[in-house]
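Quick note, the sequences are listed as chains W, X and Z, same order.
Our numbering numbers the first residue of the first sequence as 567 and each following residue consecutively.
Our numbering numbers the first residue of the second sequence as 106 and each following residue consecutively.
Our numbering numbers the first residue of the third sequence as 97 and each following residue consecutively.
Accuracy of the hints is not assured; some may be wrong.
[What the hints assert, rightly or not] What follows is a list of derived Cβ distance ranges for each label pair:
1. W:1054 x X:480: 37 to 45 Å
2. Z:160 x X:123: 31 to 39 Å
3. X:564 x W:774: 33 to 41 Å
4. X:123 x Z:173: 24 to 32 Å
5. W:1110 x X:406: 32 to 40 Å
Simulated from the structure, these hints should not be mistaken for lab results.
Even for Gly, the Cβ is constructed at its ideal location relative to N, Cα and C.
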Amino acid sequence: MAYLNWLIWLIPLLPLLGFLLNVFVVRRERPAGLLASGMVLGAFVVAVVAVIGLAGLPAESRRIMSTGWQWISTGAFQVPFGIMLDPLTAVMVLLVTGVGALIHIYSIGYMHGDPRVVRYFAYLNLFITMMLFLVMGNNLLILFLGWEGVGLCSFLLIGYWFERRSAAEAAVKAFVVNRIGDAAFILAMLAIFASFGTLNFYDVEIGGVIQPGFLERIPEILGRTVGPSWQPIAVATGISFLLLIGATGKSAQFPLFVWLPDAMAGPTPVSALIHAATMVTAGVYMMARTESLFQESLATQSWVLWIGALTALIAGTAAVAQWDIKRVLAYSTVSQLGFMVAACGMGAYVAAIFHLLTHGLFKALLFLGSGSVIHGTHDTQDMRRMGGLRTAMPTTFWTYLVGAAALAGIVPLAGFWSKDEILAHALSHGNWPQLIILFLTSLLTAFYMGRQVALVFYGEQRDHSYHAHESGRVMTVPLLILAVGAALGGLMNLPFSIPGGHWLSDWLNPVLHEEPGEFNLALALLATAGAVGMGYLGWWVYTRNAARVKVGGKDPAYRYTGDIWDGMEEAWYLDAAYNRFVVAPFRALGGFLARVFDPQGIDGLVMGIGRFFTWVGGGVRGLQSGYVRTYALVFTVGVLLVLGFVLIFTR
Amino acid sequence: MEPLQIPPVNLILLAPLLTVVGWASALLLVDVFLIPEGKKKLTGYLAIAGLLVAGLVGLPLWNVSGSTFSGMLVLDRYSLSLTWIFVIVGALSIAMALDYLPRHGIEQGEFYPLIMFAVAGMILLAQGTDLIVLFLGIEALSITLYILTGFAYPRLTSEEAAMKYLVLGAFAAGFFVYGIALVYGATGTTSLAGIAEFLGRQTLVAEDQTLLLAGAGMVLIAFSFKTALVPFHMWTPDVYEGSPTPVAAFMSVGTKGAALAALLRVLAFAFEGVQAYWLPVLAALAAITMVVGNLGALGQTNVKRMLAYSSIGHAGYILLGIMVASERGAEAFLFYLLAYALTNLGAFGVVIALEQQGESVWSIEDFAGLYQRRPMLAVAMALFMFSLAGVPPTAGFMAKFFIFTAAYEGGLGWLALVGVITSAIAAYFYLRVVVKMFMQEPAREVQPELNRGLNADIIIAGVATLLIGLVPTPFIFLAQQSLVALGG
Amino acid sequence: MVPTAYYIILSAALFTIGVLGVLIRRNAIVVFMSVELMLNAANLALVAFARERLNVDGQVLVFFVITVAAAEVAVGLALLVAIFRTKNTADVDEVSTLKG
């Protein structure tokens, strides 16, 4: 299969070419959209061909490694600029390029007439390139290249409508929060390099020399510890915990999820692509990729599990109380990502990836559907101003219903199978607390989707300032395709022992050595009954009380819950807490330092000291402030400190 | 009394240095007598030619090594590759200045030879293996820089910057000389090898130990001043802001690089024996430098000052490589220096392109909407900002990665941690420039002016920033080769 | 013979006076003089050590220091004149527009 070695390079390079052309050559809207979509579609076709080629190989040799050139080569430190295609990467690549292509096409309609649309498509193509490097890299450094790249594109796209203040602020927030995760990721890379001497995932042969891969050398670090003797930390725990922090940033987990709901300030197709289907799942992908490292640390795994479960619940409750059509979906995304992370924490990586894939399909569908609603209602996002749209927008309504049912976990749509597999794993591993949390969350999920569908599509239109209309073909066709995917996606990994039933588990088996989850009929029935019941309840409550929903008014449920509802609406005040306890002191510190180390501030400081001396020495007027002399004074203080340290403390 | 012995002198080993000095001296005369007013650009081109010739003269010396002037000066690959870096830095700075000077009405022919003299001082620092020579190198560099800083006469800020720089520079020089005197008093020699030998040979009595440590500390402080380590950095933002922008660009990479290069030799050879004393001091300096430099840059709205604070922060990172007295550390240092020099020169080039005649604002607002007006320029600036912030696949990322791994392996894990955290903060203010360029409408009409020299600078810097990031191996190989037969 | 230590103590005292002068005095000329004092304190120390060790290296360095100091002052005074022309002052505290 030698052709695969060069073929897989086309996958990331085609969108890159699109990006370069859109930046430097293309100046008009139509060619830009067609070029961008064409390139991603091309990448998808190439990916399909490559994956078919990969499937033709025997299961144990399904790993194509292709090295472009030796990126870093200094003695022991070898990092190739190489990409790979293995079963895990293959499903990610198909998701990214497939959903990506649909969203590009959709964008042609959605973004029509925007003054900077060429730039939009350039960013979008760059994003696809970087995401592909992220999932295809055969070492951590390439993964990190993609990791930073997608972060940058996400930043640029959130702030795409920078005239809106909220967009610019949301972009900065996303950036700042993500830096925390990125810093941890860099530290993890340093630690991995220091422990294994390599950043490759797997052994790779370059020029006849085998370069080792750290995932195949995990046993080497078992039993090794770092840190002070009174509190040794196992190396595996330290590294995996740093990686976990990285994942919580990118995949919007507690306590770093605050950026994702705000990120909805970007164009809706961007929310669908980056902030639902692909980029935010990078953390889950990364944990699945380095699964063997995580599996060696029970401590980290229980953190993973708890973080995932808590995130799912917190975000699930928050989603119930939102009025903005996109913020409901955003919190829902955070919540579903929590499911995936929790699955990783249980060691159920296949289930996590399964849910990642189905979620990518139905959440992209929901976001595009909400985009269609926003488009058709002339930029209305507040659900209180909607209502009764099912007659005006039939295609959007039906596809949205499919997506909502899939997310809620209604049999036999995609979400049911993947969510049930996670719950089944929790049950069979005996993780009772998390099982209960996740189960409750899935009930909430059904409820808020029922609420949303009722508020948007049922009842009477509450605000007549716009005339709702169905979106054009270029937007509805992607919706239909995704709806089919959301309906049938569960076929990938059915829990039955029929031929091809465990297709995804079997396919991923060479990478993620894991048995498919045990199907538990009772649990499945309970979950289904709960989902249907809660979904209906949500729908029922909000269609019956439709008259009470007023533009700018409170939720009908507010009467019964009161302050709790406010808490849910604000996602339990995590944002406010950050502003209070992190942002404000940080700003103050920055301002303080600027004042202390700059002439203006030091002037006052020295004046103070000067007065002090005047007071002490009674008439010593020597230390009156002067600017150059202030610098010299600081210099001298530095001299005294250095010499003092050298001469006294090292005695 | 013995007859005075003249030690054998091998001038071949000083060929690049002598070329620069000779060329500059001749150029000074040529400029005065042969080049008419208004054609002073010719002097600039000749100066660039001279620097390039000096670089070429160095080529055949790659496999030569040796010392001369009784071991006061040495030629090894380390000094030679540094020489090349300095020559490139000098040439690019001159290229930036070619149109800058007439545009601001301060075109004087001697600007160009002065840059060459400064380069000569830097080469002296790279080649010196005796504290006396290092002192001369630092002073040759500094005194020319005082003049260059004040070159925008009669703009008062320029004079003020020069004055501040001079007062503090002379102050630091006082500490340097006194430090040398104390070291000399303790060991009886000023040669790096001699000091090392002395320290290795015998244990010092308490008094001499005190003298030596105090002296070493003062020498360290003098280098810290040149490198702009906190708290000896106070001059940096003012001087960068006040001086003509090409000079600021030159200083930000050249002075720092030369001082650090010399410091590496001093620490690795002369004071290796007392590492236990200076390591914690330098570690503390590096840590607060990284913190203060990056935090100081956070609030800046003046791009020149922002780059000044950024250069302070970067000095902290580079220092990590020097402290790890290992080959990995030295390699990482050289690599970082190259990457940082080219990136920073590029960034300053863009600043110059945006600088309007007779203005001294350098406001970040001028970058607003640059992408709409000059997409290429904006993309180039974004590249430089990403490189300074350490985002892959740029040179800056590779450099940071090498430095941090070297520090981690060298047992300075906590400093690497500080480095990672501060560079995470640093990304914020670099990105702000990118935000202005790509995500804002132009605030006021700023027409970027590009010309041949600036174009050359930005293109070279841009290509190098990407190339070093994507294919760092040859550069790392060069850095490794540079450390072969490093002499003390 | 006067012990070397005495010279060193004297030079240290001179050096300290120089440092204090830079820190305290506002007239740029006096600041330059204070810097000179620091350099000459170092020169004194160098000469004293050179004599103690019967080694000329220190004495040679003194010549370099003197030369450098002269060059520095030349540039400094030129700058001072330039500033005096525009601002009519030799007070280092008066030139303080650059900050922040």
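Here is what the structure says about each hint:
1. W:1054 x X:480: 37 to 45 Å: Since residue 1054 (chain W) and residue 480 (chain X) have Cβ atoms about 44 Å apart, the given range 37 to 45 Å holds.
2. Z:160 x X:123: 31 to 39 Å: 19 Å Cβ-Cβ, so the 31 to 39 Å window is violated.
3. X:564 x W:774: 33 to 41 Å: Taking Cβ atoms as reference, residue 564 (chain X) and residue 774 (chain W) lie about 38 Å apart, which means the hint holds.
4. X:123 x Z:173: 24 to 32 Å: 30 Å, holds
5. W:1110 x X:406: 32 to 40 Å: For residue 1110 (chain W) and residue 406 (chain X) the Cβ distance comes to about 56 Å; the hint is violated.
Violation of the numbered hints given earlier is confined to hints 2, 5; the remaining hints are satisfied by the structure.
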